[in-house]
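Using the sequences and the hints given, assemble the complete structure.
So the chains spell out like this:
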Amino acid sequence: MGHTATAQAGSGGLTATEHRLANGLRVVLSEDHLTPVAAVCLWYDVGSRHEVKGRTGLAHLFEHLMFQGSASVPGNGHFELVQGAGGSLNGTTSFERTNYFETMPTHQLELALWLEADRMGSLLAALDEESMENQRDVVKNERRQRYDNVPYGTAFEKLTALAYPEGHPYHHTPIGSMADLDAASLEDARAFFRTYYAPNNAVLSVVGDIDPEQTLAWVEKYFGTIPGHDGKQPPRDGTLPEIMGGQLREEIVEEVPARALMAAYRLPHDGTRECDAADVALTVLGGGESSRLHNRLVRRDQTAVAAGFGMLRLAGAPSLGWLDVKTSSGVEVPAIEAAVDEELARFAAEGPTAEEMERAQAQLEREWLDRLSTVAGRADELCRYAVLFGDPQLALTAVGRVLDITAEEVQAVAAARLRPDNRAVLVYEPLPAEAGENGESDENEGAEQ
Amino acid sequence: MSDTAAVTMTFHPQPQPGQARPWAFPAPERGALPNGLTVLRCHRPGQQVVAVEVNLAAPLDAEPEGLDGVATIMARALSEGTDKRSAEEFAAELERCGATLDAHADHPGLRVSLEVPASRLHKALGLLAEALRAPAFADSEVDRLVRNRLDEIPHELANPQRRAAKELSRQLFPPTLRMSRPRQGTEETVARIDSAAVRAFYEAHVRPATATAVVVGDLTGIDLDDVLGETLGAWTGDCAEPLPVPPVTADDTGRVVIVDRPGAVQTQLLIGRIGPDRHERVWPAQVLGTYCLGGTLTSRLDKVLREEKGYTYGVRAFGQVLRSTADGKGASMLAISGSVDTPNTGPALDDLWKVLRTLAEGGLTDAERDVAVQNLVGVAPLKFETAAAVAGTLADQVEQELPDDYQARLYAQLAQTGTVEATSAVLAAFPVDRLVTVLVGDAAQIEEPVRALGIGEVTVVTN
Chain S
1 MGHTATAQAG
11 SGGLTATEHR
21 LANGLRVVLS
31 EDHLTPVAAV
41 CLWYDVGSRH
51 EVKGRTGLAH
61 LFEHLMFQGS
71 ASVPGNGHFE
81 LVQGAGGSLN
91 GTTSFERTNY
101 FETMPTHQLE
111 LALWLEADRM
121 GSLLAALDEE
131 SMENQRDVVK
141 NERRQRYDNV
151 PYGTAFEKLT
161 ALAYPEGHPY
171 HHTPIGSMAD
181 LDAASLEDAR
191 AFFRTYYAPN
201 NAVLSVVGDI
211 DPEQTLAWVE
221 KYFGTIPGHD
231 GKQPPRDGTL
241 PEIMGGQLRE
251 EIVEEVPARA
261 LMAAYRLPHD
271 GTRECDAADV
281 ALTVLGGGES
291 SRLHNRLVRR
301 DQTAVAAGFG
311 MLRLAGAPSL
321 GWLDVKTSSG
331 VEVPAIEAAV
341 DEELARFAAE
351 GPTAEEMERA
361 QAQLEREWLD
371 RLSTVAGRAD
381 ELCRYAVLFG
391 DPQLALTAVG
401 RVLDITAEEV
411 QAVAAARLRP
421 DNRAVLVYEP
431 LPAEAGENGE
441 SDENEGAEQ
Chain U
450 MSDTAAVTMT
460 FHPQPQPGQA
470 RPWAFPAPER
480 GALPNGLTVL
490 RCHRPGQQVV
500 AVEVNLAAPL
510 DAEPEGLDGV
520 ATIMARALSE
530 GTDKRSAEEF
540 AAELERCGAT
550 LDAHADHPGL
560 RVSLEVPASR
570 LHKALGLLAE
580 ALRAPAFADS
590 EVDRLVRNRL
600 DEIPHELANP
610 QRRAAKELSR
620 QLFPPTLRMS
630 RPRQGTEETV
640 ARIDSAAVRA
650 FYEAHVRPAT
660 ATAVVVGDLT
670 GIDLDDVLGE
680 TLGAWTGDCA
690 EPLPVPPVTA
700 DDTGRVVIVD
710 RPGAVQTQLL
720 IGRIGPDRHE
730 RVWPAQVLGT
740 YCLGGTLTSR
750 LDKVLREEKG
760 YTYGVRAFGQ
770 VLRSTADGKG
780 ASMLAISGSV
790 DTPNTGPALD
800 DLWKVLRTLA
810 EGGLTDAERD
820 VAVQNLVGVA
830 PLKFETAAAV
840 AGTLADQVEQ
850 ELPDDYQARL
860 YAQLAQTGTV
870 EATSAVLAAF
880 PVDRLVTVLV
890 GDAAQIEEPV
900 RALGIGEVTV
910 VTN
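If you read the sequences in order, they're chains S and U.
For what it's worth, this note's numbering labels the leading residue of the first sequence as 1, then goes sequentially.
For what it's worth, this note's numbering labels the leading residue of the second sequence as 450, then goes sequentially.
Keep in mind the hints are simulated off the structure, nothing from the lab.
Be aware that a few hints might be false.
[What the hints assert, rightly or not] Covered stretches of chain U, going by a simulated chain S footprint (3 or more residues, C-beta under 8 Å): (1) 461 to 473; (2) 538 to 551; (3) 658 to 671; (4) 687 to 693; (5) 866 to 879.
Cβ coordinates follow ideal geometry from the N, Cα and C atoms, glycine included.
The following block contains the structure:
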């Protein structure tokens, strides 16, 4: 077990049991009594990939509506009751799923189950035009705050649109367009709920200081009578050729503080060995301060402020390898691009060294341990593997699979995928400066008690 | 218009809570190494990623005149090569442990944070010790860090939230106070920093006798005394007198400053002043009252600005300790922060002030106070699940000269704080006529509506 940090190869001693209610709701339970807390996580198998043309952003807008009350819970009650019970909660929407989660002190677990069941079964009893209009405005402000009013804020949206062709289910991002958010109607939201929010289109996980029998009895009591239905259409096919077959490119001239080179490489689907190999490859190349790109661009050439790779794992379409380089003052993009291409070509030709493999796998292992360090993190992983791959147990062995990848597999996926004809490129060029700015800097803010 | 046809499930009454299992904020074990290093340790079963925080008594006030940012460059340079390893070798060794190491400088001092799987703690602590006791501070690495830092500055200025924070500090504090200026320096001051300045700052302020290491995680099977002895125990240094701490003063005359961003689709708001730190008795009541005002989306501000009007994705009120000392010379920043869409900037500020005035007139309700206490106290076991969260709080307590059981006692105090105390604390924290409002947004669109509100003199500065 040479470079493995834990005896269980990173599963952290995690175990899980699976159950299914008669209405089709899948339930995953995992016990851990170290801290008196329990996490509830509910994944609905619906994300922005299920949206249709003209209604981008609907899955996410709908997620907001799930917090606007249901038959037994008035107004903001979902938030008020959970927070008043000493719990925390939220929801998020991605390409492939929508999740809702509560972390509760153990003795308040039943409340969270009751709340999730109430909105799964009866949201439409409370949903009205007023909350629709209000949350439409909130989401439009979320879009402005997170994307439109920040330098490079729309890069992800632009690169995604390049990397997945027009009409592809992943061509647009979950936040959606302003025009489509404006166009969404209350009837669209109702239809969305009737189509996708059903017990047989969801996985519920409960992790932490729980009594599994009691928990299952509560789940049966609260969720058991919600009728399942088969209204859901499968998402449009996300299959694409392995290689883009040419370089797609867009140059943006706008008010940004520095030139930037960003790119999205098409990678294997999540759930495959090749995807894990790609993760290791991107970590060696651009994950952290000892990576090849950091050493080359930030340390040696000193042409970049920051340079790295990230990975967007996707199950229903090719994953993306995400390059992000912000240039140093006065440096032009072609110099950066040539250096990146040189490093990628060298890596494809030579593969990683043994030491690079060890470093990358140690980092990926720690990231996995971090995700497992909270009951909420574990609950989310169990749902992820259950929804996307049909088997929550895969969460327990995920880190083992990453540690099992060989240098040859890493080299192979790099040679096959990290090539100029398999990427979408976004280049940022700042608007010409009007006046010299006097530079000052960083303040952080936060809350504490 | 309800859709009862779709509702066919069986409804049950809201369940009542079970019996709460006791939980207490972990009490650390305090000790010291022969070299004078203070050590706080805390065993947290199941937390396989161990968190180590080291506090160094190198406050920003100690930076020499004209060298703002030298503490930041020194913090970064600690991990860029040692007497045994080059910068690249050091980074590689650290990542081989699966570790992360971050260092940053702030007003009260410098903080180095290590996270590593427990099985590799020994090796990673060895690297941390090397960085602390024998940093190379090579000219080439320091020059690179300086250039890199200069390149970062335009990115920070372009970020509306950071730009607002910088302006608020400049407005609140007198120019002579270090707090009025950016923590990581300006282009002018950073450009002056070289390896000699970094080494001089290190030699003046970094030594085990004035440092504290906090180690938290699952320490099963680890002989921490041995491990510490072989690693941080090898760090040597002399003693030092405590540094003088200048008192914090601020001008909170009610006024508005617009940082002009032509074309901005939103206005970033940062409305603040300074208040007491955690040594003051009012702190728990202030935490409670501030939560009721703007701690979450069901608090007073978001109830109106987000959930009724849809002007924002969220506005928060908070208190953040700037510097805190046992002799009561500390201060915290009290602020309200968020962003609102440009056309609704005037109406949003109008509503925000109405919320503050309504609070002043009617006070908090008992129900609000109860929910706030239940949340703030109830979430503690969730909030401190990870080793990193516990270590961070313990290190903050050390840095703020608070006792090791401060957090544990805070929960008891919150539970005992009444509605009247919470009301008076939040009103004292956010008086409507003593707030400095910074708006980063499109002056051409927002200046007139904001002027019309009469919340203070309005000035516009160019970005």
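Hint-by-hint comparison with the structure:
1. 461 to 473: It holds: at least three residues are needed, and the region 461 to 473 of chain U offers 10 whose Cβ sits within less than 8 Å of chain S.
2. 538 to 551: holds (count 9)
3. 658 to 671: n = 0 at 8 Å, threshold three: violated.
4. 687 to 693: violated (count 0)
5. 866 to 879: violated (count 0)
When held up to the earlier numbered hints, the structure conflicts with 3, 4 and 5 and fits the remainder.
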